[in-house]
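Now for the letters of each chain:
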Amino acid sequence: MQTFEKLAQVSRTLQNSYIKAWKDQGKKVVGYVCTYMPEEILHAADILPFRITGRGVSDTSKADSCLSRVNCSFVRCCLELGMDGEYDFLDGAAWVNGCDHIRRGYDNWKAKAPLPFMYILPVPHKIFPEGRQWYKEEVIKLKEAVENHFGVKIRSDKLAESAAIYNESRRLLKRLYDLRASDETPVTGAEAHVILSAGVTMPKTEFNKLLGDFLKEVEKRPKTSNTKIRLLVAGSMMDDPEFIQNVEELGAIVVTDALCFGARGFWDLTDEKGDIFENLIDRYFNHMPCPRMAGEYSKRLGFIKDQIKRANVKGAILQHIRSCDLHGTDNALIRPDLEKAGVPTIELERQYGPMADAGRIRTRVQAFLERIGG
Amino acid sequence: MGEERRNVLESIVETFNMTSNLPENLDLKDPEMKALLDSLTESRRNNFIAMVKDPDVRKMSNVSNAATGKYLDLIYHARDYGKKVAYIPFNASPEIFHAMDIVPAGVEVLDTFAAIMQEDFNEYLDLSVERGLPDTMCSAQRGVLGLLEAGLLDKPDILVNGALGGCDANSKIFEYMAEKFDIPIVYLDVPFYHDERSIDYYTNGYRQLVKALEELSGNTLDEDRLRDVCELSNQATELFMEIDEMKRHVPNPVPNYYNLNHLSQKLTLVGTSDAVEFYKTALDICKRRLKEGAHVFPEERIRFMMMYTGFYFDQSVYFWFQEEMGVTYLLDLLVAHDFCPIIDTTNVDTMLAGLAQGMLNLPMTRQLKGTWDMPANWLYDLLHYVETYKADCLVFSGHTACKQAWGIYRLVAEEIKNQLGVPSLRLEGDGWDSRITPISVIKEQLSEFFETLY
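One line per chain: the protein sequences are P and S, in this order.
Reading the first sequence from the start, the letters are residues 18 to 391 in the working numbering.
Reading the second sequence from the start, the letters are residues 2 to 455 in the working numbering.
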């Protein structure tokens, strides 16, 4: 089996073969939902961090009875899977108060389908010294909660090992993004999304090995035509490669992103020298901020512009899941700023889920590509 | 100052001034008055009647309207007086701004006045969306944003965002205004919990807010002036607490419409002598009503509470409940302040700590942060208010933008039913946008609900 196919299988299956093998060793798996969760805390406890997804849901009637139509469809899909028992393989879930929707997703999951370990990590909404201190104290509380619940001790040397493994993963992903940024990229955006998806649902060491192999294999691939329109995708949570594929089928290629599931989530490394716990706090608290972090708009815009430049992007898709006030509002600011900078930009409101709104999205993207191409 | 801008703000000030001296013997059947009422649209007529028909309501509204008219006039003329204007959310204490001689313009309060008094208010809700904002953002601020977009309101000098962690929609719209109109903004982070550590964190944030306001306005915080404001605020708190005590009485003597006057006073004018005068007037009226055994007509059949926000675009509900339905409108969460502290005026530190604590206990900040089942949260407070004020039922307005409240409505409603046996009704309306569910439909839905309770 080709390396990519192995990664694709992981991406396609909720309880993939790596998780089964992990659990067969008597080891634990804990879900998480946000890039403000320092995964290394779990990893250093020999717990597999698993990024919770809502993929594979065709109906959200159970979740809708708890949440509502004004709540994010990503959160409703995740809750549906939780209430359906699809996440029973998780030994716990560590949430973050990332946004109002995900916070209420946690409330309902905890009330209606609790896992043995349910935790929420409160992250401040402002980057300032007192906020960092608060975050640090909260991560200490998380660490203690994990230690107490799972009967483990999270040592500094293990944290340092985990930080190195995670950094290695980020460096490999950056190499992948370098390839994507090249003039005739050998990797489609949909493939990159499959890889990202696998990377957050399987053991990191094995993912790093597979990704390293993939990068070697891909160098032998034929290059993608450079006639395709090079796009960036930014905005709300997006872990569904099908969305990207839907766009790429129209004659475009997604060469980079500014998604929490993608570049925004992995771009920053942890300093491996010195006090590793403090370094992890710095890395996670100060990483490229989500729109939940107030007063950081110019930093987010700067990151998008940097990605556009390094990947020679010709157009930007700013998508947000309906009712996502954080990204919807940011997108409303970003679009005119990018247009002013000469980057054609489209805003798309969508519902989460593979191929949800596919026809409407295709029509709008097609018109957008005609605008860029024409 | 553009011609159109004068039309908007001046007309609102004018309306308040006109309704601040209503005669005791006002006769709504008088031909001249009838002609005036007939000339109004249904919604504006409803609002006017709700405010004037009952002599007690009219009397307290006179005082409230005079103070509000003066306050709005101050916003309108702030620059002429050399004062800075700060747009603040409803969950920011106005006292610190009064103390620093900065004019606090409560965005949601302005939005509400515009919703009631501007015939074409919905056009400004829509304009904010036409200019880029998602339509899922909150109508409690979108009207003001639309008025800014249209140039019908002047840009404020300062924005203060106090909703971080309580409501994404509220906090993002302030950031949006800051970026779009290039207005300096100060962010106050709301802690997740409600314990001592959180209060310290928030108080520290409040000190930083004062420092930022000093830098942005050029004004300094004078201890004596702050003490004056805090003492006035404490007086107001003691007075409205006494009125709240009376609401516990069965039947409740406090007129339903008091809640609306209280809303505008508490969110904008506490810390001023005008607010104290209003609360004194309201207290006197309520005391007399208690003595006389006054209550809703024909008798108090239902004691009603909104679970969170109410309907503000058409205020006839208050009148309809009081005059026709026998329903006491005890409170919605925006007027519920049982946990408002008395400020220790010993020194600047104690006063800032008291103000910060007050702000942490303001509606939404207090109840909608954190998780649903934490102490001092939505469920906790609703259990307290239902028990304390002997509510018979709860209604969730279903305000479209309140995603964080929608997300736990069912959990909270079920728990209240389980613990206290009090039923809830979930509507799908909007507090400021009349088009989501018209008031006539809301009344029908409420009537049907009440039938199940009699």
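Please note that a few of the clues may not be correct.
[As the list claims (entries may be wrong)] Pairs of lysine to aspartate or glutamate, EDC-like flavour, derived with a Cα cap of 16 angstroms:
1. Lys288(S) / Glu243(S)
2. Lys129(P) / Glu180(S)
3. Lys418(S) / Asp393(S)
4. Lys153(P) / Asp299(P)
5. Lys175(P) / Asp63(P)
6. Lys129(P) / Asp105(P)
7. Lys357(P) / Asp74(S)
8. Lys233(P) / Glu22(P)
9. Lys60(S) / Asp74(S)
10. Lys127(P) / Glu180(S)
11. Lys316(P) / Glu180(S)
12. Lys181(S) / Glu313(P)
13. Lys181(S) / Asp354(P)
14. Lys181(S) / Asp196(S)
15. Lys153(P) / Glu313(P)
16. Lys79(P) / Glu103(P)
17. Lys54(S) / Glu25(S)
18. Lys181(S) / Glu356(P)
19. Lys129(P) / Glu243(S)
20. Lys129(P) / Asp374(S)
21. Lys281(S) / Glu243(S)
22. Lys175(P) / Glu164(P)
23. Lys288(S) / Asp57(S)
24. Lys40(P) / Glu223(P)
25. Lys292(S) / Asp57(S)
26. Lys326(P) / Asp200(P)
27. Lys170(P) / Asp63(P)
28. Lys45(P) / Asp105(P)
29. Lys240(P) / Asp195(P)
30. Lys127(P) / Glu33(S)
Since the hints were made in silico from the structure, they are not lab data.
Violating hint indices (sorted, rising): Going through the list in order, the structure violates hints 2, 7, 9, 10, 14, 15, 19 and 30 and respects the others.
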